[in-house]
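If you read the sequences in order, they're chains S and Y. Read in order, the letters of the first sequence are residues 1 to 322 in UniProt numbering. Read in order, the letters of the second sequence are residues 1 to 322 in UniProt numbering.
Hints were generated in silico from the structure; no laboratory data involved. Ideal placement from N, C-alpha and C gives every residue a C-beta, glycine not left out. Don't take every hint at face value.
Listed next, with one range per pair, are the computed distances between beta-carbon atoms [what the hints assert, rightly or not]: (1) Y:V286 to S:G126: 39 to 45 Å; (2) Y:G152 to S:D255: 56 to 62 Å; (3) Y:D212 to S:A283: 33 to 39 Å; (4) S:P103 to Y:E290: 37 to 43 Å; (5) S:G38 to Y:G300: 18 to 24 Å; (6) S:G13 to Y:G152: 43 to 49 Å; (7) S:T309 to Y:G31: 41 to 47 Å.
Examples of chain S residues lying across from chain Y (beta carbon under 8 Å, computed) [unchecked claim]: (8) A42; (9) G49; (10) V62; (11) N70; (12) A88; (13) E120; (14) S124; (15) L147.
Here are a few chain S residues that sit away from chain Y, every Cβ distance over 10 Å (derived from the structure) [as the list claims (entries may be wrong)]: (16) H63; (17) L66; (18) R158; (19) F187; (20) S189; (21) E209; (22) W243; (23) A293; (24) G300; (25) R308.
2 protein chains.
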Amino acid sequence: MHPEPAERDTVAGLGEFGVIERITSGRPQSGSTLLGPGDDAAVVAAPDGRVVASTDILVEGVHFRLDWSNPRQVGRKAIAVNLADVAAMGAAPTGLLMGLACPADTPTEVIDGLTSGMWEEAASVGVGIVGGDMVTAQQIMISVTALGDLAGRRAVTRSGARPGDVVAVCGRLGWAAAGLAVLGRGFRSPGAVVAAQRVPTPPYAAGPEAADAGASAMIDVSDGLLADLGHIAEASAVSIDVWSDRLEVHQRLVDVASALGADPLHWVLTGGEDHALAATFPAEAVLPPEWRAVGTVGTGSLITVDGRTYDGPSGWEHWRHP
Amino acid sequence: MHPEPAERDTVAGLGEFGVIERITSGRPQSGSTLLGPGDDAAVVAAPDGRVVASTDILVEGVHFRLDWSNPRQVGRKAIAVNLADVAAMGAAPTGLLMGLACPADTPTEVIDGLTSGMWEEAASVGVGIVGGDMVTAQQIMISVTALGDLAGRRAVTRSGARPGDVVAVCGRLGWAAAGLAVLGRGFRSPGAVVAAQRVPTPPYAAGPEAADAGASAMIDVSDGLLADLGHIAEASAVSIDVWSDRLEVHQRLVDVASALGADPLHWVLTGGEDHALAATFPAEAVLPPEWRAVGTVGTGSLITVDGRTYDGPSGWEHWRHP
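The shape of chain S in the complex, shown without the other chains (with noise of 0.2 Å):
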């Protein structure tokens, strides 16, 4: 147990603006960053003349846990889930901007370690925290938008993908997921699954690669693989399946399913929170380094698995479209 802490080492001690002092003071900004912290707003290049935006917000208790993660790993989780968004649209990020809800007694080392976090994951790319809010609130929240650019490339959206087009992944599936199973059951090892529960290491640099290739179609792998390449099955009107043989089951997952009763695929096949790259490319495309075909794509509106439709332990029903 903590002693409970001193009123100075809360953010009600602090107050707004010094929390915001120590969120930003003597952090690097990028290039990019034409104006970072401190006005009315931000001014962030945006060469190409378009501008790729998106927001996603976590949540203490629904999209992390305090006991299960510690404030840096959250920190980092919430900037890399936004900028694998970015990365899914053929796009190299510009800049964040941060909005944090948390309760008034919420210790300042939390929010230390939080930011310190998304100053991490930022800089992991070359970027900055060019702005933000800071309010309070009943629970902690992490509200996060990524700005990225182009640089002359056509957005690569969902609803690109052709008959013909053949599938491929970058990045890993299945580790958060086999993650999440051993710390559901009170674990903390094998330390390499749980860390990508924690932490995702989605592979950024892979979608302007995969958008220079020609991809016809790209998202992240937020909900799972299957789930995702539904969202582009939809999108595209169009049917896709996957080769089970080809996707990389990596022994550390056949290990911990071995252990916990479970099917490792079935964790590759519709565990999220991964944010690798799902991708279509034209047939003729030559994939880039780090992608791997594992799927082809044809009329219709079907995902299926080895040509049938996936009723793995959880049951596929839920995401089959129509």
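Fit chain Y to the given chain S structure using the hints.
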């Protein structure tokens, strides 16, 4: 009392995708929305090559009360406070992103009201809600990010005021504070000041006009005129003197103050939430229509009213900076 809503009439009954469909379908987008809701991210025009971006969060019970305002009014306010930030940089809005957190048992009529208000305010400046996120939380929280375009203008920051500049304001001051005083005592009239508290009416177009007229610094009045001029003074390392006889103290404010035993000038000097614009201009500048000169910039660091430190009813000490 409302009857307990049936499950299908709540957010939980509709489901995330149902709510998002309800919020976005059939709504008008503007020419600057190159890709609207429904993909991993939106794409918004940034013709200037820079994008202005600002995030604000409104929390139920902190920034609004659903027994004082209806959901539509809250939705309008959530958008207005963000658009005012964009205007205060000298930019015109190009698009909005919305994050909406609410309990699962929130009636759909509340969501419909909130989002209708948001779309109305967005439409009033000709832009759309281009994307967003929808999550479950213990209380209603609205996070908005506004994007804007400078159209070649220099961004007007808080730090450009110089001794000799004129201080000017555009928009209403003190009305929202008067409305708050009325609501706080359990009244619902006079309607004009209560309406001002529920939905601010910032003079959006006056921001770019001030920039074109050469404004040296600008801010939107969210904390109160003296407090926000204090932000300009601090960022610009100047002093500011406000001439109280130049401030408009509308007869309605005089009447309300008289009824409540309050000082209407105090509301004008310290009341926030009207989101008027305050700016400084070089002495030789011609103020745009609607702007009125209300003070001067000097050396030093004090904020004064008629040459003296202001010590109105609730005390000005808190805002005086060294």
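query: Which hint numbers does the structure go against, in order from smallest to largest?
result: Going through the list in order, the structure violates hints 3, 11, 13, 14, 16 and 18 and respects the others.
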